[in-house]
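Novice: All chains should be built: construct the whole structure from the sequences, respecting the hints.
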Amino acid sequence: MSSHNTTIDWVLVFTYLLLVTIGWLAVYTADYNELHPEIYYLGSSYGKQLLWIGIALLLGFCIQILDTRFYTAFSYIIYATSLVSLIVVLLVGSTISGSKSWIKLGFFNAQPAEVAKFATSLALARYISSLGHIFYSLRERLIAIGILLIPIILIRLEDETGSALVFASLSFVLYREGILPGGVLLMGVLAIILFITSLLLPFYYIMASVAVLLLLILLMRGKTGIWEKLLTYLPVVVAVITASLYLNEVVLLIVLPILFLIALLFALYTQKATYTLLALFLASFIYVKGVDFIYNHVLERHQQNRIGVVLGTIEDNKGAGYNVNQSKIAIGSGGLTGKGYLQGTQNKGNFVPELSTDFIFCTIGEEFGFAGSATVIGLFVFFLLRIILLAERQKSRFTRIYAYCVACIIFFHFTVNIGMTIGLMPVIGIPLPFISYGGSGLMGFSILFFILIKLDSERYMYLR
Amino acid sequence: MEPIKPEKIILQVVVVLTALLLLVRLFSMQVMDTSYQTMAKDNIIREVTVYPSRGLVFDRDNNLIVNNLAVYDLMAIPRQVQNLDTTKFCRLLNINRDEFYKNSARMEAAAGYSPYRPQVFMKQISADVYDRMQEYLYQFPGFFTQIRTIRQYNCHNAAHVLGYIGEVNQMQIDTSNYYRMGDYVGVSGIERSYEEQLRGERGTKLMIVDVHNREVGSYKNGEEDIEAIAGQDLHLTIDMELQAYAEEIMQHKRGSIVAIEPATGEILALVSAPSYDPNLLTGPQRGDGMRMLNADSLKPMFNRALMAFYPPGSTFKPLMGLVAMQETGIGSHYYFACNGAYRLGRRTVGCHYHASCYGIETAIQHSCNSYFCHLFKLFVENDKFSNVSEGLIKWKAYLNEFGLGNSSYLDLPALSGYVPSPERYDRMYGKKRWKAVSLISLGIGQGELGVTPLQLANMTAIIANKGTFYYPHVVRPNTKDPKHKYNQLHKVSIDHKYFTAIINGMEKVVLYGTGKTAYRAGLDICGKTGTAQNPHGEDHSLFIAFAPKNNPKIAVAVMVENGGKGKKYAAPIASLVIEKYLNDSIAPYRKALEARMMKANLISPRPRIYSEPLEEEEEDLITTIYLPYTDGTATAPLSVPEQINSKTTQQVSATEPAAGNAVPVQINNDLKVPIPGVIKAQPLQPPPDGN
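Line by line, the protein sequences give chains A and B. The numbers in this note's numbering rise by one with no breaks, and the one at position 349 of the first sequence is 349. The numbers in this note's numbering rise by one with no breaks, and the one at position 476 of the second sequence is 1476.
No lab work stands behind these hints: they were computed from the structure. Please note that the accuracy of each hint is not assured.
Said to hold, decoys possible - In silico BS3-like pairs for lysine-lysine, Cα to Cα no more than 30 angstroms straight-line: (1) A:K395 <-> B:K1005; (2) B:K1384 <-> B:K1432; (3) B:K1396 <-> B:K1466; (4) B:K1008 <-> A:K395; (5) B:K1123 <-> B:K1205; (6) B:K1394 <-> B:K1483.
No experiment lies behind these values; they were computed from the predicted model shown.
Specialist: Right, here's the structure in full:
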């Protein structure tokens, strides 16, 4: 390793610092205590967060000092250690806000699931890159899936559904590396979409939408270039989004754009379209009917209620619905430019529970308005696109896979967290990366990020 | 350029599309939709409840008897309480640390507790604590005071009429859309029956609070505030002087007195003894008062005048006579031989020894059991009816007209008493397996019949009015509207002419009959004694009366539990109440009688609990010696056999000889002492009975 090869991506690091700073400002206003306005007051969350940021930067520096090969060589060991700690936490962990996922270490409660995120990413990168070829045997595919599944199961056992779902997002990486066929992933997404819509919309609407979708795919088959196809769709997507501005319906906002996205992907993939599409139509028909039957005849009343509350078909402004309702009021009342820093009435009135952690986006939305929230979203998009760009520029498969893992994890957190604060996603308590208060979270995301920076800084070296 | 593989760009497309989606949603929420701004504003607006002052209560003479007193509740919004200096706080409130923690625990255990909403920390803090607290309240964020009003009574009587208020219970909150946690609501008496008029309408004041939840001003200059509407005042028909007098005379006794003005249906006095001071159930001592009254085995909270069922006994006979005359067509001179008992089949209803009854007047005068048993049989087994059931149904209908078996006409919470229907006897004896003989004791007011003292008084008022009446009530309607419940004149379906004989009979009761102890010269009292057998011990002493005979001003029903014969306590008490009302004072020569009645203690020792030998006898006529007073205007009748009758003397005089029946010995010094043994004819003195 020679020094001229070491090129740290300062753009990305700078974006990271920007996000962390915004995060600290948000935590400061969320938990502002007028008796202790000093920023270093360790009795307050912002004081602690400042300490954590310092530790994270120190840690980031240490990560840069270590030899790159350390991460490849120790990836399995790190993975195994994190699995052990997940098991330990299952046995002796403390329960904090409903999930048994914490280990108490003096003044600091550690969450092994955070460690598992980069550990699993490292292990996945190590395993797939070590295969050396791109035609995988079934055994190899199953092992790769297994690396992903073990932490998912363990974390699910801790009742941390949110974190478990984060790992599920890593299945995109499997698709990117050809382990999981695109069709499987798409079918999975389609199945979820149809499941939700079948409970929300009349049967005939859904089947009509599916038919239109499949017809569109048929029409698109002739086009060859991806941009050509994308351009055909763009007006439709824009039209739907514009319409949904006025309808303000969850269904229109989420489901229809995703359906079009699926159409696009099918159009890219399917060659023997007619029969496949016909089969798909029939399968959708049976599936939607089946979901309907199961929901109405198999599920118990309380299970129906739980699904209903998440989908918004059942009004619930006192239980879980209370958080979302207050959070929407906070963000919605922000207006274009917000109420001003430290001036949010919702934030200061303590109306939103979990404000400094899961609902941190409320402070930004309320005090900086649409301008502030758009800036944060823009920063995240830039951050994610930069990571993907960085992934695609790697020579080393290990780094590429790892970078995609980082992108997937952060993207999932970003989408679900902001989505739930504005009522587009069900409330599954996962933090907004770099912004939310919490030592464990910040450490986890920072390590994840700094390892990527380290790996990328030596992108001219081939790792496996 | 090689074609771009989808897996390389798909994540970027998804990221951009998702971000677009979030931005669209945020734009619509934050920029296009302004409703969230309103909702956020609602969050910072504090709704302050303005409690209306409860309606005042005046008595018959327009004296204010119930008013409101301002007290302060100390409220807390637990979430806002910070860095509380407990020691200082407790010292200001005059409580110790234990009480502080007890209050906190009680607050948190209360239903509907929320740390974000105002909760009652301490109820009804006194005015001086409030003043002190106001000064230092700024040092205790999260605490504030809220003004409430409680009842204050300017009298010590009529507790059962006035009733009391208490906090609403969960059931009332659930079933009404007005009440909220912590509201006061009438629990008994007029507080309950006139709740809607008294309570008024709650108002709200909207206050803007800043981020630290301090009130900075009213919202929109009070445009959206809702004014509280004060409750309506009530004017009672109760004559507080008479009420106080009646309560005093009923001291140391269980029973009740109900007095009605027959011309209007207005209740002049309504006593249930033992009673209590209404001040016990208000203010900070309310809890202790409530516990004390609940623990009392004499049940002072129980309103006997409206809730207790008694057999009316012989006081029922005038009504029996009326309905029999109306329905069977017998005249007032109908003759029926008594023969000392009424025998029907195997059943015998005993009667006492008295002169023959040459008509209904004398039958009432002597309270002849046989006569009225016979009338009852004549009534229910009349040829007009196809069977006894039909007769009984008709009989019941007449009783209902007289207000028995019903209480909905009254403006106080009351029970309806019990008038048996044929179904009752069908169950007891089997369908069609009973006849008049099975229920013959109904004719003399015994058996299954149950009436409340109020119903007796109402019945008496109807008889006094010769069939017309207004529904009895304790609150004057505030309107002259003839459609108002209490402005409507009602009429029973008994012919006017039949009343004359009955009223004459009732006059004779007082002049020469069983109720001579109720005689008071110049008042023209008409009455009827009653001695109700009951399973609780000594007979209940009953008396119904009205006066004067022509143009009656007052109708009274007196009920003295376990008081023995009707003439023993009830009749003299009734005459005293009537005298007090009509003359405003008791004649000096009757002070002795008054003192005897007031001092009579029927509560201690306990009344006998073993039952009497079962015989259906009525009041026996007892030789009475009239003891003329030195001024010679009238006499205080004194029944000799009762004095020697071991069971009564034992009961009344054993423990408290000074308060017993032996009148001559315990008359107050300032009263004129009667000279025993001197029998002197008086012009107004009724002649002794024929027997």
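Novice: Next, verify each hint and record whether it holds.
Specialist: Against the structure, the hints come out as follows:
1. For the hint linking A:K395 to B:K1005, the alpha-carbon distance of about 17 angstroms falls within 30 angstroms, and the restraint holds.
2. For a cut-off of 30 angstroms, the pair hint linking B:K1384 to B:K1432 stands: about 17 angstroms separates their Cα positions.
3. With a C-alpha separation of about 19 angstroms, the suggested pair B:K1396 and B:K1466 falls inside the 30 angstroms cut-off, and the hint holds.
4. In summary, the hint linking B:K1008 to A:K395 is supported, as the alpha carbons are separated by about 14 angstroms, within the 30 angstroms threshold.
5. Between the alpha carbons of B:K1123 and B:K1205 the distance comes to roughly 22 angstroms, so the proposed pair stays at or under 30 angstroms and holds.
6. Taking the CA atoms of B:K1394 and B:K1483, the gap is near 28 angstroms; set against the 30 angstroms cutoff, the hint holds.
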